[in-house]
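Asks: Sequence:
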Amino acid sequence: MEPLKPFWFYTMGARLHPLGSLPKGTTVTSGYRTAEAAKATLEAIIRQFPVPFPKCKERAQELIQDIDTVFVRPDYEIVESVLNQLASKVQNLEMLMAADVDDLDIFRFQPVRIYDTRQLLERADERLSKLARGEIGERARDDLKEAGACLAFHLFTGAGFHAVRAVEGVARKYHRIVTRKAVGYDKTLGVISSALRARYDAEEVKQRKKKGLRPHSGLGNIAALLTQITDIYRNPIIHPEMVLDTDQSLHVFDLSCNVLEAMEGDLAARRARRKK
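Heads up: the sequence shown begins at 2 in my numbering, then just goes up one per residue.
I should point out that these hints are in silico values taken from the structure, not numbers from a laboratory. We treat Cβ as the ideally placed atom computed from N, Cα and C, and that holds for glycine. It is possible that part of the hints are untrue.
Unchecked claim - Within a straight-line C-alpha distance of at most 27 Å, the following computed DSS-like cross-link-like pairs (lysine-lysine) qualify:
1) 25 / 6
2) 90 / 58
3) 276 / 182
4) 146 / 90
5) 207 / 131
6) 131 / 276
7) 174 / 276
8) 90 / 131
9) 188 / 174
10) 131 / 146
11) 25 / 40
12) 40 / 56
13) 56 / 131
14) 40 / 58
15) 131 / 25
16) 131 / 58
17) 276 / 207
18) 6 / 146
19) 188 / 146
20) 25 / 56
21) 174 / 131
22) 56 / 90
As the list claims (entries may be wrong) - DEER-style ranges, computed between Cβ atoms:
23) 188 / 109: 42 to 50 Å
24) 63 / 140: 51 to 59 Å
25) 255 / 135: 18 to 26 Å
26) 244 / 38: 21 to 29 Å
27) 195 / 9: 51 to 59 Å
28) 49 / 29: 29 to 37 Å
29) 246 / 85: 56 to 64 Å
30) 107 / 247: 22 to 30 Å
Based on the provided sequences and hints, a complete structural model is requested.
Replies: Shown next, in the form of C-alpha coordinates:
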(Lines of atoms letter the chains of each structure in order from A and count residues from 1; the text may use other names and numbers.)
(Lines give C-alpha, C1' and ligand atoms only; values in the text may rest on other atoms or scores of the structure.)
Protein backbone atom coordinates (compact mmCIF):
# COMPACT_ATOMS: atom_id res chain seq x y z
CA MET A 1 0.00 0.00 0.00
CA GLU A 2 1.24 3.49 -0.79
CA PRO A 3 -0.23 6.89 0.03
CA LEU A 4 -1.72 9.02 -2.75
CA LYS A 5 -1.51 12.80 -2.65
CA PRO A 6 -4.91 14.27 -3.62
CA PHE A 7 -3.20 17.54 -4.50
CA TRP A 8 -1.53 15.76 -7.42
CA PHE A 9 -4.92 15.26 -9.07
CA TYR A 10 -5.74 18.93 -8.57
CA THR A 11 -2.40 19.95 -10.09
CA MET A 12 -2.92 17.58 -13.00
CA GLY A 13 -6.24 19.19 -13.90
CA ALA A 14 -4.88 22.69 -13.30
CA ARG A 15 -2.10 22.08 -15.83
CA LEU A 16 -4.14 20.27 -18.45
CA HIS A 17 -7.41 22.21 -18.54
CA PRO A 18 -5.93 25.58 -19.65
CA LEU A 19 -4.70 23.95 -22.88
CA GLY A 20 -8.36 23.53 -23.86
CA SER A 21 -9.19 27.14 -22.97
CA LEU A 22 -6.65 29.07 -25.06
CA PRO A 23 -8.33 32.23 -26.38
CA LYS A 24 -8.53 33.36 -29.99
CA GLY A 25 -5.33 35.18 -30.94
CA THR A 26 -3.02 32.89 -28.97
CA THR A 27 0.44 32.67 -30.44
CA VAL A 28 3.12 30.03 -30.09
CA THR A 29 4.98 32.29 -27.63
CA SER A 30 1.97 33.27 -25.50
CA GLY A 31 0.67 29.70 -25.26
CA TYR A 32 4.02 27.93 -24.93
CA ARG A 33 4.12 27.68 -21.13
CA THR A 34 0.54 26.42 -21.00
CA ALA A 35 1.37 23.77 -23.59
CA GLU A 36 4.53 22.64 -21.77
CA ALA A 37 2.69 22.34 -18.45
CA ALA A 38 -0.02 20.26 -20.12
CA LYS A 39 2.63 18.12 -21.82
CA ALA A 40 4.27 17.32 -18.47
CA THR A 41 0.92 16.06 -17.16
CA LEU A 42 0.32 14.02 -20.30
CA GLU A 43 3.73 12.39 -19.98
CA ALA A 44 2.90 11.45 -16.37
CA ILE A 45 -0.32 9.82 -17.59
CA ILE A 46 1.61 7.80 -20.17
CA ARG A 47 4.13 6.69 -17.53
CA GLN A 48 1.20 5.67 -15.31
CA PHE A 49 2.61 7.83 -12.54
CA PRO A 50 1.62 8.04 -9.76
CA VAL A 51 -1.45 5.94 -10.63
CA PRO A 52 -2.52 4.08 -13.78
CA PHE A 53 -4.75 5.85 -16.33
CA PRO A 54 -5.17 3.07 -18.90
CA LYS A 55 -8.10 4.66 -20.75
CA CYS A 56 -6.13 7.86 -21.27
CA LYS A 57 -2.77 6.64 -22.53
CA GLU A 58 -3.54 6.58 -26.25
CA ARG A 59 -5.29 9.98 -26.24
CA ALA A 60 -2.54 11.49 -24.12
CA GLN A 61 0.06 10.38 -26.66
CA GLU A 62 -1.98 11.90 -29.51
CA LEU A 63 -2.30 15.19 -27.64
CA ILE A 64 1.47 15.34 -27.04
CA GLN A 65 2.01 14.92 -30.78
CA ASP A 66 -0.41 17.80 -31.43
CA ILE A 67 1.43 20.02 -28.95
CA ASP A 68 4.79 19.22 -30.57
CA THR A 69 3.30 20.02 -33.97
CA VAL A 70 1.55 23.28 -33.05
CA PHE A 71 3.91 24.90 -30.57
CA VAL A 72 7.05 25.22 -32.68
CA ARG A 73 8.93 28.38 -33.51
CA PRO A 74 9.10 30.79 -35.28
CA ASP A 75 6.27 32.57 -33.51
CA TYR A 76 2.90 32.78 -35.23
CA GLU A 77 -0.75 33.15 -34.34
CA ILE A 78 -2.47 29.78 -33.98
CA VAL A 79 -5.57 29.58 -36.14
CA GLU A 80 -8.92 29.26 -34.36
CA SER A 81 -9.71 25.85 -35.85
CA VAL A 82 -6.54 24.39 -34.31
CA LEU A 83 -7.37 25.90 -30.92
CA ASN A 84 -10.87 24.40 -31.15
CA GLN A 85 -9.36 21.04 -32.03
CA LEU A 86 -7.07 21.18 -28.99
CA ALA A 87 -10.01 22.15 -26.79
CA SER A 88 -12.05 19.21 -28.07
CA LYS A 89 -9.23 16.75 -27.44
CA VAL A 90 -8.60 18.09 -23.95
CA GLN A 91 -12.30 17.79 -23.12
CA ASN A 92 -12.38 14.23 -24.42
CA LEU A 93 -9.28 13.34 -22.41
CA GLU A 94 -10.78 14.83 -19.24
CA MET A 95 -13.83 12.60 -19.67
CA LEU A 96 -11.57 9.54 -19.91
CA MET A 97 -9.60 10.70 -16.89
CA ALA A 98 -12.83 10.93 -14.89
CA ALA A 99 -13.61 7.33 -15.84
CA ASP A 100 -10.10 6.21 -14.84
CA VAL A 101 -10.32 8.01 -11.50
CA ASP A 102 -13.64 6.28 -10.81
CA ASP A 103 -11.83 2.95 -11.19
CA LEU A 104 -9.07 3.84 -8.71
CA ASP A 105 -9.15 2.11 -5.35
CA ILE A 106 -9.00 5.18 -3.12
CA PHE A 107 -10.27 4.87 0.43
CA ARG A 108 -10.23 6.92 3.59
CA PHE A 109 -9.88 5.17 6.93
CA GLN A 110 -11.42 6.78 9.98
CA PRO A 111 -9.16 7.27 13.03
CA VAL A 112 -9.54 4.64 15.74
CA ARG A 113 -10.42 6.66 18.83
CA ILE A 114 -7.39 8.89 19.53
CA TYR A 115 -5.09 6.99 17.15
CA ASP A 116 -4.37 8.67 13.84
CA THR A 117 -4.58 6.35 10.82
CA ARG A 118 -1.17 7.25 9.42
CA GLN A 119 0.49 6.73 12.80
CA LEU A 120 -1.12 3.31 13.14
CA LEU A 121 0.01 2.31 9.66
CA GLU A 122 3.55 3.64 9.81
CA ARG A 123 4.75 3.80 13.42
CA ALA A 124 2.48 1.98 15.84
CA ASP A 125 5.60 0.89 17.76
CA GLU A 126 6.07 4.51 18.85
CA ARG A 127 3.27 3.90 21.32
CA LEU A 128 6.11 2.46 23.41
CA SER A 129 8.73 4.41 25.30
CA LYS A 130 12.10 4.91 23.63
CA LEU A 131 13.66 2.41 26.05
CA ALA A 132 11.09 -0.30 25.27
CA ARG A 133 11.32 0.27 21.51
CA GLY A 134 15.06 -0.23 21.64
CA GLU A 135 14.94 -3.39 23.74
CA ILE A 136 11.95 -5.51 22.70
CA GLY A 137 13.60 -6.73 19.50
CA GLU A 138 12.76 -6.53 15.81
CA ARG A 139 10.24 -9.37 15.80
CA ALA A 140 8.16 -7.87 18.60
CA ARG A 141 8.32 -4.43 16.96
CA ASP A 142 7.09 -5.94 13.70
CA ASP A 143 4.18 -7.60 15.50
CA LEU A 144 3.29 -4.33 17.19
CA LYS A 145 3.36 -2.56 13.82
CA GLU A 146 1.12 -5.28 12.38
CA ALA A 147 -1.26 -4.74 15.28
CA GLY A 148 -1.36 -1.03 14.47
CA ALA A 149 -2.05 -1.72 10.79
CA CYS A 150 -4.87 -4.08 11.74
CA LEU A 151 -6.37 -1.36 13.93
CA ALA A 152 -6.17 1.11 11.04
CA PHE A 153 -8.00 -1.29 8.74
CA HIS A 154 -10.51 -2.15 11.50
CA LEU A 155 -9.27 -5.75 11.63
CA PHE A 156 -9.73 -5.77 15.36
CA THR A 157 -9.27 -9.48 16.08
CA GLY A 158 -6.04 -9.46 14.04
CA ALA A 159 -4.83 -6.46 16.04
CA GLY A 160 -5.32 -8.39 19.26
CA PHE A 161 -3.54 -11.43 17.89
CA HIS A 162 -0.41 -9.50 16.87
CA ALA A 163 -0.32 -7.44 20.07
CA VAL A 164 -0.44 -10.57 22.24
CA ARG A 165 2.17 -12.25 20.05
CA ALA A 166 4.55 -9.34 20.65
CA VAL A 167 4.00 -9.70 24.39
CA GLU A 168 4.58 -13.45 24.39
CA GLY A 169 7.91 -13.13 22.57
CA VAL A 170 9.24 -10.54 25.02
CA ALA A 171 7.79 -12.43 28.01
CA ARG A 172 9.92 -15.44 27.09
CA LYS A 173 13.03 -13.28 27.15
CA TYR A 174 11.97 -11.65 30.41
CA HIS A 175 11.34 -15.05 32.01
CA ARG A 176 14.76 -16.32 30.91
CA ILE A 177 16.59 -13.34 32.40
CA VAL A 178 14.62 -13.15 35.65
CA THR A 179 14.48 -16.87 36.45
CA ARG A 180 17.69 -17.83 34.63
CA LYS A 181 15.71 -20.62 32.98
CA ALA A 182 14.71 -20.80 29.33
CA VAL A 183 11.11 -21.68 28.59
CA GLY A 184 10.27 -23.92 25.64
CA TYR A 185 7.96 -22.83 22.86
CA ASP A 186 5.54 -25.56 23.89
CA LYS A 187 4.89 -23.53 27.04
CA THR A 188 2.11 -20.97 26.87
CA LEU A 189 1.99 -17.42 28.14
CA GLY A 190 -0.07 -18.72 31.06
CA VAL A 191 2.78 -21.00 32.11
CA ILE A 192 5.20 -18.07 31.89
CA SER A 193 3.01 -15.76 33.97
CA SER A 194 2.53 -18.48 36.61
CA ALA A 195 6.28 -19.05 36.81
CA LEU A 196 6.87 -15.32 37.20
CA ARG A 197 4.25 -15.12 39.93
CA ALA A 198 5.98 -17.94 41.80
CA ARG A 199 9.30 -16.14 41.38
CA TYR A 200 7.80 -12.94 42.75
CA ASP A 201 6.40 -14.75 45.79
CA ALA A 202 9.84 -16.23 46.44
CA GLU A 203 11.53 -12.85 46.08
CA GLU A 204 8.96 -11.22 48.37
CA VAL A 205 9.56 -13.76 51.13
CA LYS A 206 13.29 -13.34 50.73
CA GLN A 207 13.11 -9.54 50.88
CA ARG A 208 10.91 -9.54 53.97
CA LYS A 209 13.60 -11.40 55.81
CA LYS A 210 15.83 -8.40 55.25
CA LYS A 211 14.54 -5.83 57.67
CA GLY A 212 13.73 -2.47 56.18
CA LEU A 213 13.73 -3.56 52.51
CA ARG A 214 10.60 -3.54 50.45
CA PRO A 215 9.72 -6.45 48.16
CA HIS A 216 10.45 -5.97 44.50
CA SER A 217 7.01 -4.98 43.14
CA GLY A 218 7.84 -4.66 39.41
CA LEU A 219 7.86 -8.42 38.89
CA GLY A 220 4.52 -8.79 40.68
CA ASN A 221 2.86 -6.16 38.50
CA ILE A 222 4.24 -7.79 35.37
CA ALA A 223 3.03 -11.23 36.41
CA ALA A 224 -0.43 -9.77 37.09
CA LEU A 225 -0.56 -8.03 33.69
CA LEU A 226 0.53 -11.17 31.87
CA THR A 227 -2.12 -13.17 33.70
CA GLN A 228 -4.74 -10.62 32.70
CA ILE A 229 -3.71 -10.77 29.04
CA THR A 230 -3.67 -14.57 29.15
CA ASP A 231 -7.06 -15.01 30.77
CA ILE A 232 -8.94 -12.32 28.82
CA TYR A 233 -7.33 -12.48 25.37
CA ARG A 234 -4.49 -14.89 24.70
CA ASN A 235 -6.36 -18.14 25.29
CA PRO A 236 -9.79 -17.13 23.94
CA ILE A 237 -8.46 -15.24 20.90
CA ILE A 238 -7.21 -18.38 19.17
CA HIS A 239 -10.77 -19.69 18.96
CA PRO A 240 -12.87 -18.61 15.95
CA GLU A 241 -15.85 -17.86 18.19
CA MET A 242 -14.08 -14.84 19.72
CA VAL A 243 -14.21 -11.67 17.63
CA LEU A 244 -12.86 -8.45 19.10
CA ASP A 245 -14.65 -5.13 18.71
CA THR A 246 -13.09 -1.66 18.71
CA ASP A 247 -12.95 -1.24 22.47
CA GLN A 248 -11.59 -4.74 23.09
CA SER A 249 -8.86 -4.43 20.47
CA LEU A 250 -7.77 -1.04 21.81
CA HIS A 251 -7.73 -2.48 25.31
CA VAL A 252 -5.51 -5.40 24.40
CA PHE A 253 -3.26 -3.11 22.30
CA ASP A 254 -2.77 -0.63 25.15
CA LEU A 255 -2.45 -3.41 27.73
CA SER A 256 0.18 -5.12 25.60
CA CYS A 257 2.15 -1.90 25.23
CA ASN A 258 1.96 -1.34 28.99
CA VAL A 259 3.32 -4.77 29.85
CA LEU A 260 6.04 -4.50 27.19
CA GLU A 261 7.18 -1.24 28.75
CA ALA A 262 6.95 -2.75 32.24
CA MET A 263 9.11 -5.75 31.33
CA GLU A 264 11.80 -3.71 29.63
CA GLY A 265 11.72 -1.10 32.40
CA ASP A 266 12.13 -3.79 35.06
CA LEU A 267 15.02 -5.38 33.19
CA ALA A 268 16.71 -1.98 32.94
CA ALA A 269 16.22 -1.45 36.69
CA ARG A 270 17.72 -4.86 37.42
CA ARG A 271 20.76 -4.05 35.28
CA ALA A 272 21.18 -0.77 37.14
CA ARG A 273 21.02 -2.48 40.54
CA ARG A 274 23.65 -5.00 39.51
CA LYS A 275 26.05 -2.20 38.62
CA LYS A 276 25.85 -0.67 42.09
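Asks: Residue 207 and residue 131: Cα distance at most 27 Å?
Replies: 33 Å, violated
Asks: Holds or violated: are the alpha carbons of residue 25 and residue 6 at most 27 Å from each other?
Replies: 35 Å, violated
Asks: Quickly compare the C-alpha distance for residue 25 and residue 40 to 27 Å and report which way the hint goes.
Replies: 21 Å, holds
Asks: How does the Cβ-Cβ distance of residue 49 and residue 29 compare with 29 to 37 Å: does it lie in that range?
Replies: 30 Å, holds
Asks: Taking 27 Å as the top limit, are the C-alpha atoms of residue 56 and residue 90 close enough?
Replies: Holds, at about 14 Å.
Asks: If you draw a straight line from the CA of residue 131 to the CA of residue 276, is it 27 Å or shorter?
Replies: 22 Å, holds
Asks: Range first: 56 to 64 Å. Now tell me if the beta carbons of residue 246 and residue 85 are that far apart.
Replies: 60 Å, holds
Asks: Are the Cα positions of residue 40 and residue 56 separated by 27 Å at most?
Replies: OK: residue 40 and residue 56 at ~17 Å, within 27 Å.
Asks: Okay, residue 63 versus residue 140 on CB: inside 51 to 59 Å?
Replies: Given a distance of about 53 Å, which is inside 51 to 59 Å, the answer is holds.
Asks: Assess, step by step, whether the Cα of residue 25 is no farther than 27 Å from the Cα of residue 56, and give holds or violated.
Replies: At roughly 30 Å apart (the allowed maximum being 27 Å), residue 56 and residue 25 break the hint.
Asks: Go ahead and decide if the range 21 to 29 Å is satisfied by the Cβ distance of residue 244 to residue 38.
Replies: Violated, at about 52 Å.
Asks: Holds or violated: are the alpha carbons of residue 146 and residue 90 at most 27 Å from each other?
Replies: Not satisfied, since the Cα-Cα distance of roughly 47 Å exceeds 27 Å.
The structure fails hints 1, 4, 5, 8, 13, 15, 16, 20, 26 (numbered hints given earlier, in ascending order).
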